[in-house]
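These are the residues of each chain, in order.
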Amino acid sequence: MSALAGWGTFAIVGAPAVLLAILGASSLAGRPLPERVVGILVKLAFIVSLASCFVLAARMAASDVPRFSIPLGEWFATPDYHFELGLLVDHLSLTFATLTAALCGLVGAFAHRYLHREPGYHRFFILLSLFALGMMLTVLAGSLEMVYAAWELVGLSSALLIAFYHERRQPLQNGFLTFAVYRVCDLGLLSAVVLVHHFCGTGAFEKLFGAGSEAGAPLSENQAIVVALLLFVAAIGKSAQLPVSGWLPRAMEGPTPSSAIFYGALSVHAGAFLLLRTAPIFENAPLVSWLVVVVGLLTAAHAALVEQTQTDIKGALAYASLTQVGIILAEIGLGLRLIPLLHIVGHACSRSLQFLRAPSLLHDLHQVESAVGEHLAHTGMRFERIAPAGARAWLYRLALERAYLDELLDKLIVRPFQGVFQFFDGLEQRWLAGLESVLRGRARPPTGAVEGDGSGV
Amino acid sequence: MSELSLPLLLLLVVLPALGAVVPRSFLTGRGARRVLLLVTGVELALAIAVAAVFHFGGEGGILVDPFDPGRSFFGRPFLFVDELSSLLLPFGALVFGMVALVLPRTERHRASTRRILAMEACTLSVFLTAEPVLLAGVWVLSTLPGYRELSVGPRARRAEGLYMLGTIILFTAGVALEYFSEVTSPAGRLADVLILGAVLTRKGIVPFHSWMLGFFEHAALPTAILFTAPQVGAYAAARLIVPHAPDAVLTVIGVASLATAVYGAGLALVQSNPRRAFGAFFMSQSALVMAGLDSRTTLGLAGGLALWISSGVALAGFGMTLAALEARRGSLSLRTYSGGYQRTPFLATSFLFFGLAAVGFPGTVGFAGEEALVDGVVGDFPQMAIAVMMTSALNGLLVLRAYFRLFGGARVHIHAFQRTRPRERAGFLLLVGVLLALGLAPGSFLMSRHRAAEAILRARYGDSTSSAPRVELDEQPLTATLRDRELLP
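So the protein sequences, as listed, match chains A and B.
In this text, residue positions in the first sequence follow my numbering: the first is 153, and each later residue adds one.
In this text, residue positions in the second sequence follow my numbering: the first is 933, and each later residue adds one.
Honestly, the hints are just simulated from the structure, not real lab data.
Please note that a few of the clues may not be correct.
To be verified - Below, a sample of chain A positions facing chain B; criterion: calculated Cβ distance under 8 Å:
{"id": "1", "residue": "Leu180"}
{"id": "2", "residue": "His234"}
{"id": "3", "residue": "Glu270"}
{"id": "4", "residue": "Tyr273"}
{"id": "5", "residue": "Val336"}
As the list claims (entries may be wrong) - Not close to chain B: a few residues of chain A, all C-beta gaps over 12 Å, as computed:
{"id": "6", "residue": "Phe206"}
{"id": "7", "residue": "His268"}
{"id": "8", "residue": "Leu289"}
{"id": "9", "residue": "Ala302"}
{"id": "10", "residue": "Ser343"}
{"id": "11", "residue": "Ala468"}
{"id": "12", "residue": "Ile479"}
{"id": "13", "residue": "Arg534"}
{"id": "14", "residue": "Phe535"}
{"id": "15", "residue": "Ala541"}
{"id": "16", "residue": "Trp546"}
{"id": "17", "residue": "Arg554"}
{"id": "18", "residue": "Tyr556"}
{"id": "19", "residue": "Leu587"}
Yeah, the Cβ is synthetic: ideal placement off N, Cα and C, and Gly gets one too.
Using the sequences and the accompanying hints, generate a full structural model.
Set out below in structure tokens:
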């Protein structure tokens, strides 16, 4: 491809990077920029990014080149290890990059007014630009290693934006919960990266998958199964699939613009992107593909059920998102490529609009009801009509408790972990207290005096 | 072997040592503060100069001092810089410089100018020598400030102090025994065991780790950081243990280090005292360094050496933000959300950044080290790779938990002085800059650690493991001791 294409790709990634550098540096220096300047910079950055996407798309369409890669050399290398840097532009990455630039720009423009004079105005835009950079690098990454590095940026910005209103307890707890799920599931991606590098000697997509996905990945069947499973674990975390879907409705504690872009549009689809990007590996692991279908459909059914009992609009939208993402994952598991991509684009755009409209919707509804002089008729109730009468109460309870998934994870993972390490912490303190007593020639202090320091996760 | 034209190595040791022995009456108030800043600043500049000469101006191999007393009196240099120590010197000086710059007023009586300079002299001396007897001497001297920190005052702690005394006794006994015995004799083996015990205790490796959390809980944070962050124990391991320990011993150390890493990470997550949490966090991350040192591959070892510096710098920054916060709020707790982000956003951001940098977040230099470590060991020792990744994940959780608990919440701190002082800002920004710059372009840094790893493994296995060009050394013997111990090819 021409130099124009290379510079265009740089501009797509570079614009949010420069924005992050400017906003971050001004904040670190203790001289945050005026809101008006921030607004202009945000719009400018995403317009540049979006325009570059359009130019690239036109260029690719005109030259009939399905994909091209831009090698950027090595980030770091030793004689026995190479971390390759490179960008890969194809219909998948360009679609996601365009979506990211467009939605980040729109949400940035919306948030500029929505967060006017909020104490965390600058923090929001720093995190938005960090997210945009992470997302752009994730989708344009030319190697699995780069995907992992960028993936972490997306996760961190997501958790910090959930905890945006940090003076309240709930957002902080939910931000931590989300980060915990991400962190644990990201182990899957990191393990996959390490294993692919170990098996194939490279993580570069061009080398792994050749000229197209048809070439398949140079992994044996067993290797492909292990790697695909690990990649799926990472996708489960980011796309809030069962059994860790509980974090998504909790993530709605963040400001509405971030909810729109993260959990309605981009971040929640990152798992789907990962599966699409590594699809050739899944083609070698049909069992895992079927697992993707099953988990996706179960998540969709679960979310559709739980959605019925949500009393707040953002919670309902979160579960509605989850339903669609579950279906998208099922489509990917079935081996489809174009349909899930179209599904993602359509869903991301419409859901973002719904999220951004949500804060004013209730206000408008009340105004309409006041004008009409009565409550508007209830719509929906489809689930209630098809559910057997005897099972309704049970289903209602199940939906209300979100299928007890959070409690289950708490009971099976969090509490045992906490218990084990609190026990060891108590032992540590008792040992040192005992030793101290012996050295001072005193009797040992009562056991309770040193117990219970652990405050839990 | 190249010779410096100026006595920079001697200056690196003598300058802070002189500051440490100046009578207390001369070092009071602002004067003491200025002396501390001046000496640590000059030390940092000298260390960078030495590293620059080694990497860009030297002929490779090793760099010696023209006025080294060892050469005059014993015919061999005591102080030298090789690939391993070339970056450890600026690393150590940077940690001391940063601590001196951001040292809170409330800690100055415990972390006095004389004490900090004494610790700096000891630490840099350690990094400049491989002579076991000298190492034993500075090991003792470097342990004393930490021991004194715990053993003085009404709340003196004897249990943790006992561990420190233990490391002194074990190390000096080990070196003495080795000095008077053959390496392969039973006495020589016993000497290795004693030295190993001292190293594992000082590094806080399970089951010799219990003092670590107590030390961080009770000592002044700056002293605790300066005592632990340079990881003198890792240096002793790299010089005295790794080059000639049997494979089985390395395996045992590796397994113990990995257990410590995961155990420390879990322990850190259930703490309610931020100091204990930091202690466990430190124990966990520094155990990864030890695990890397015991790796049989050049890449894994290089990853360990890279993590040594990256996590050391980041953890020092993390600890000092904690100290700065303590200076403003008094005792801290992780039980509740303490609030205060609005008043201290810079401190909060620094705290988060250093924490994430310590666990190898992408964009920081630790990322390259961790990647190298994991990739280096996954073939021969996949459990180690899993443990490293688990440790990183758990420690990442700790960082965010501590960040939310210490800076999130509605509580308003009305103490008059909450904003960040210019000196604090400069110190933390310096560290952020180093971690980011090396993180964005870690190539040369990692390559240097790779060469150091090759040298260590070459000393251990001979040339068979070397995949990079051999570092040419002058045939003139450096020290009989080094040659005997196969520290140099």
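So, going through the hints one by one against the coordinates:
no.	hint	verdict
1	Leu180	7 Å, holds
2	His234	10 Å, violated
3	Glu270	12 Å, violated
4	Tyr273	12 Å, violated
5	Val336	6 Å, holds
6	Phe206	29 Å, holds
7	His268	18 Å, holds
8	Leu289	9 Å, violated
9	Ala302	7 Å, violated
10	Ser343	7 Å, violated
11	Ala468	27 Å, holds
12	Ile479	30 Å, holds
13	Arg534	40 Å, holds
14	Phe535	37 Å, holds
15	Ala541	45 Å, holds
16	Trp546	36 Å, holds
17	Arg554	23 Å, holds
18	Tyr556	24 Å, holds
19	Leu587	4 Å, violated
When the structure is compared with the earlier hints, violations turn up for hints 2, 3, 4, 8, 9, 10 and 19 and for no others.
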